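Spelled out from the first residue to the last, the chains are:
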Amino acid sequence: MPLSFEQPIVELETKISDMRSYAAEQGVDLTDEIQLLEQRLERLKKETFANLSRWQRVQVARAPGRPTGMDYLQSIFEDFTELHGDRALGDDPALVGGLAFLQGQSVMVLAQQKGRDTKENIHRNFGMSHPSGYRKAIRLFDLADKFHLPVITLIDTPGAYPGIAAEEQGQAWVIAESIRRMSRLRVPAISVVIGEGGSGGALAVGVANRVLILENAIYSVISPESCAAILWRDSTEAPKAAEALRLTADDLLQLGIVDRVIDEPVGGAHRNPGSAMERVKGALVEELAALMSLTSDEWIRQRRERFRHLGEFDLV
Amino acid sequence: MPLSFEQPIVELETKISDMRSYAAEQGVDLTDEIQLLEQRLERLKKETFANLSRWQRVQVARAPGRPTGMDYLQSIFEDFTELHGDRALGDDPALVGGLAFLQGQSVMVLAQQKGRDTKENIHRNFGMSHPSGYRKAIRLFDLADKFHLPVITLIDTPGAYPGIAAEEQGQAWVIAESIRRMSRLRVPAISVVIGEGGSGGALAVGVANRVLILENAIYSVISPESCAAILWRDSTEAPKAAEALRLTADDLLQLGIVDRVIDEPVGGAHRNPGSAMERVKGALVEELAALMSLTSDEWIRQRRERFRHLGEFDLV
Amino acid sequence: MALERFFRRKRPTKGDEDQSPAGLWMKCDACSAQIYRKDLVANQYVCPECRHHHRMPVDARIQLLADDDTFELWSGKLTPRDPLQFVDTKPYPERIAKVQDQQQRPDAVVTGAARLEGEDVALVVMDFFFAGGSMGSVVGEEVTRAAERAAEEDRSLIAVTASGGARMQEGALSLMQMAKTTVALEALSERRLPYISVLTDPTTGGVTASFATLGDLIVAEPNALICFAGPRVIQQTIKQDLPEGFQRAEFLLKKGMVDDVIPRQQLKERLALYLRLLRGGLAKEVPEVERAAVI
Amino acid sequence: MALERFFRRKRPTKGDEDQSPAGLWMKCDACSAQIYRKDLVANQYVCPECRHHHRMPVDARIQLLADDDTFELWSGKLTPRDPLQFVDTKPYPERIAKVQDQQQRPDAVVTGAARLEGEDVALVVMDFFFAGGSMGSVVGEEVTRAAERAAEEDRSLIAVTASGGARMQEGALSLMQMAKTTVALEALSERRLPYISVLTDPTTGGVTASFATLGDLIVAEPNALICFAGPRVIQQTIKQDLPEGFQRAEFLLKKGMVDDVIPRQQLKERLALYLRLLRGGLAKEVPEVERAAVI
Ligand SMILES: [Zn+2]
Ligand SMILES: [Zn+2]
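From first to last, the protein sequence lines are chains A, B, C and D. The numbering of the first sequence is our numbering, which starts it at 27 and goes up by one. The numbering of the second sequence is our numbering, which starts it at 27 and goes up by one. The numbering of the third sequence is our numbering, which starts it at -10 and goes up by one. The numbering of the fourth sequence is our numbering, which starts it at -10 and goes up by one.
No lab work stands behind these hints, which were simulated from the structure alone. This structure is a prediction, so every number in the text was calculated from the model and none was measured. Keep in mind that the hints are not guaranteed to be accurate.
Cut-off 30 Å, straight-line C-alpha distance, at most; resulting in silico cross-link-like pairs (DSBU-like, lysine-lysine) [stated by the list, open to error]: (1) K79(C) x K266(A); (2) K243(C) x K145(B); (3) K72(A) x K307(A).
Make a model of the complete structure from these sequences and hints.
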């Protein structure tokens, strides 16, 4: 099911495909016509995606078919080997972590995982972690430190799960602890917001030396729907809230909250997952190489400084 | 209810008490007779307790009225302030911990706590901890390290609780982790077995620089009842098992498992709790003072060496 | 996060004593008893009838904790900017101006130095009556500076929290204050200075999920609501009733999340005792411990 | 602890191939299929019919994990003493002599150096067929020496556990092996050498509550019973039925206690991959991290 603003693109794609079939069946030559339409399609995609509203970007960030954490783990890393469990409460499927090679370098990689279909979505709790997910993250940070493994986290969650067990097990406590633990890593850490960076549940694994974001990903203190429900008492005002919250990649770059925006293929990552993932890989390899010149103390200092200086205020 | 072998003592005590009442009521002078009986009582107590069988010691170690962990916390420490919870699973009433002063020195103190009556016994789960108890211990060890607080643990448990939730929450995992965490303390640690030192559940908080034991306390790899049930297929053979297991203070001193035996007042700690607790306090103050001359590295090394060398074997 | 319904309230609770004649008497939220307001204030905002702990204004809290005439104000020189040019039904700056005027301070936290039974401390006290105690850039920066300065001046840190969460009008910048305040506490940790957090009603969202729950010791006031997600959000998510006492201080004590629940009348005494105990460790220099490998 | 019913068994399982004609065929415990014993052995003791993982003799385990002709035996020079002069229906030394004779080794563990897909490792393999794999002074000492020597020789450590718990015939000395083996692992940690524990059926009691669960990574074999207290003890305590799959490897995976459950046929390959990944960290010297303050 395409997003609403993608409708013209999809129609044009269908038309081209129909024309191709017709040409083949009837044995007529429509090469020129098809080429023209394809140029139009390319233009249309570019225009559409260059001018997305913030709310439309939210939809792209959540689009079905957009590569999920596991897609990255399986395609841009080699030998990804999942490590399960937090040794206390359970094994949270909404936060997947393990060892892998990134272009030959051993790394510890963590990914927040939404489902790729309804069944997986239920299994993954729509990417919303329970405390055991954050405890698992803390455990893997410990392991990364012990064995000098750079840490890479892929962020994609609507937020930490708001439920009874989650609260009983100290959701707030583990998020705070995960933030602290990640800030103490004696290895380099890179985070990439690949889809939805939903508030504290995202930040818990986002205290990195470099925070990257995909062009159509978002990162926000609150979901547009919840924000609208509070401020306009109407969650269908989410488009307004999305505008107000300045939650797109470009907004966040301007605010200094992310360090780099990774371009997506024209039409968005969901229309060309392979290319999107390759771009992320390229950026990760580059960023990791650049970080390698520092020492442990410097990685910690840099990470602390980075977050120490976020915030805007005036003197009275 | 006196222990069976205490019956003659109790009878003599009753007789003396009756005689006193009679003398007072009738206005007769029985001073000499009473004094004679009191001397006999003193002799009887000494003889009885000097010749306890191992199984009788087990009974004394578990005797009602014997001072429990909380009794020590409240009487030989000043300003004991309980710290609750493990920040993950709950707050285990079978393991009590907190801050206190021991003769003016800030310490972190942990005590395994049986009940002093049926109601408390149920609340304290008869002194058998769940994983949250050992997690709490680990948390308090962390805190002790951070603030340079010597650690004192009082051991009195039949063992870690064998239950469904306890297994689900990784009873074995937390005991192992507590052993490791305690072995890593950068402060001096002293353990006192005040009653029953029941297997891994006791050792989890017993990895100290100095391990002391009260005269009638026991420390064993398995309870005599369980041992008998396995080896003789009959738990009423517990007295035999107690003999075989060599679980008394003197046995353990000979095996090198404890470093010092603290004498109890004649008749056992349960007949004079105040005096027993004062003796423990005296021993703790002495031992702590002696440990103060070392450094953190030395405390760790000493503790490791202590346990490294336990075990007896021959060359093939 | 960000349960900032506060901004929508028509008549926000002031927190200060209402001086109008109608305000002389008030009804206790908990037991419905009519109480003479002055009695409530004299009793540290604890209902004399039912011991319910009412929310306490910042000034009263400081008076409760600081020894007489020892409080020295640190905060108050920073005021919010409007980095997002945030407008809902009203622009953010207008809303802020109004609440600044009402609460007579630039944002939702007060920090300063004090003595507490003679112990040198830095105090961080959040003002729930200021925009629901929401944490934006100013709150984050003030908490950060207080922690850093406490470390420099060899003071223990006491944070009294009350917050609806992150301030959504400053967007992701508010979110980042969670990491910023967390990192600021490292200065205290490195000097082994105690940090004790006191969670009061209500402490929720991004404040709970950052510095509020990172105390060396964490205590709570009786019946205080303490949570990540608010009860309404959870109820909407799970569509079922919440257990009795859920997310309240006593519930969290049972769940192992706080060290103790302390009635307000004993708070100062207990904090002082904690500080004496935590600062009475071995004088000897003890090097950093190695990190446990894996749990 | 100490579920040493093994000592009471009339006809202890040998673990080795039974060469008598009657032993050519056997019935699978799990699926009751009649299997040709040689097929089972050739299949690493995994039932060809139902994939049930039967308990594996030590020699076969070493053959499974070590590259050809690379195993060098370290253990075997220590033999139990009788420090308690323990007698039940028979003296401890008599019992030990009998099982030593049967298993052809002095106690319930074998250690040694090997290569595992080229990686330098030390192997610790417990023998459940020796007195139920119970841990007394010899087992504790052998594990300790293996860990220490691995650290000296820059080897990763792989421990394959199978144990009924502590050996009660050595009393509290057995108990102390839990602390001793735990402390021995510090030598590896300090050199940042990986320690991976492989929990096989059954791993219980004092072994589970010490070195077995302290691996940097912990993996288990399918359906292995892994517990502190055995199912029978728990059932006697709580007087109710245990949940399906309780204390089995897959159950523990769900409860977050093990990193993975790995079929025997994939074990070597996976261990090799773990080692390559864990030993492929940054070469740069990274000083010890500071210890997290609380939690
Ligand atoms: Zn009231
Ligand atoms: Zn089978």
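For each hint, the structure was consulted:
Distance hint between K79(C) and K266(A) is fulfilled; the C-alpha atoms sit about 13 Å from each other, no more than 30 Å. Under the criterion of a C-alpha separation no larger than 30 Å, the hint pairing K243(C) with K145(B) is consistent with the structure, at around 18 Å. Between K72(A) and K307(A), the direct Cα distance comes to roughly 23 Å. Compliance with the 30 Å bound is thereby established for this hinted pair.
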